[in-house]
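> From just these sequences and the hints, can you work out the full model?
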Amino acid sequence: KNQVEQSPQSLIILEGKNCTLQCNYTVSPFSNLRWYKQDTGRGPVSLTIMTFSENTKSNGRYTATLDADTKQSSLHITASQLSDSASYICVVRDSNYQLIWGAGTKLIIKP
Amino acid sequence: GAVVSQHPSWVICKSGTSVKIECRSLDFQATTMFWYRQFPKQSLMLMATSNEGSKATYEQGVEKDKFLINHASLTLSTLTVTSAHPEDSSFYICSAIITGISGGFDTQYFGPGTRLTVL
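In the order they appear, the protein sequences are chains A and B.
All the letters of the first sequence, read from the start, carry residue numbers 1 to 111 under the numbering used here.
All the letters of the second sequence, read from the start, carry residue numbers 112 to 230 under the numbering used here.
These are calculated hints, taken from the structure and not from any lab test.
Just so you know, even glycine gets a beta-carbon here, dropped at the ideal spot from N, CA and C.
Do not take every clue at face value.
Stated by the list, open to error - Pair by pair, the computed Cβ-Cβ distance ranges are:
no.	chain 1	residue 1	chain 2	residue 2	range
1	A	E5	B	K175	28 to 36 Å
2	A	Q81	B	Q153	44 to 52 Å
3	A	V45	B	L179	25 to 33 Å
4	A	Q3	B	G127	49 to 57 Å
5	A	S95	B	G127	20 to 28 Å
6	B	D138	A	S95	35 to 43 Å
To be verified - In silico DSS-like pairs for lysine-lysine, Cα to Cα no more than 25 Å straight-line:
no.	chain 1	residue 1	chain 2	residue 2
7	B	K125	A	K1
8	B	K166	B	K177
9	B	K131	B	K166
10	A	K106	B	K152
11	A	K57	A	K17
12	A	K71	A	K1
13	B	K177	B	K131
14	B	K152	A	K110
15	B	K125	B	K166
Take a look at the structure:
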């Protein structure tokens, strides 16, 4: 069964600190993996899209990694800011154009 | 970047009434739009895929007669929740895709969502 699991479920860190969010998937065949940021009460916003051949992709202070062999991805946030408080969702697309959504990690940045 | 809007942003209605939610792609044409539902502290759940000029494709467990979807033009899709009940209260989000940019991937843009509360 195609699944996307994220950890931790929630995370609280101090402003300015770094953090890493994890995503493990069992989706096969794999097409691409996406990370979204969703502010409370808003629609998701795309951060990165990665294919099988890409190991790392950055978007400002966000860096996503992908290990297609172990089927793991991570999202690293450096120098966190209060505006980073949001849910971060990992989504995997299979070759049938189906999107499988993770449950998300709720990140809270405290001053 | 591409913008998707939704209207209304929130709505409160009485049980048994119908509510229509609009989803518009403001600066691009979207042949395909998606409707999602999100309950508190849960991830998005795809309800249906809306294709311009044809019938929507509903996910398993989603009642097509209750959630009416119309994709009348390349920039507008509507979701009508018919005979709404309190259990239909949720956050409804639409998205539209642009195909062929971002290195060949289809890019999905989400609307800001509509909060539906059924009393």
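> Run the structure past the numbered hints and jot down the numbers of the failing ones, going up.
2, 4, 5, 6, 7 and 15
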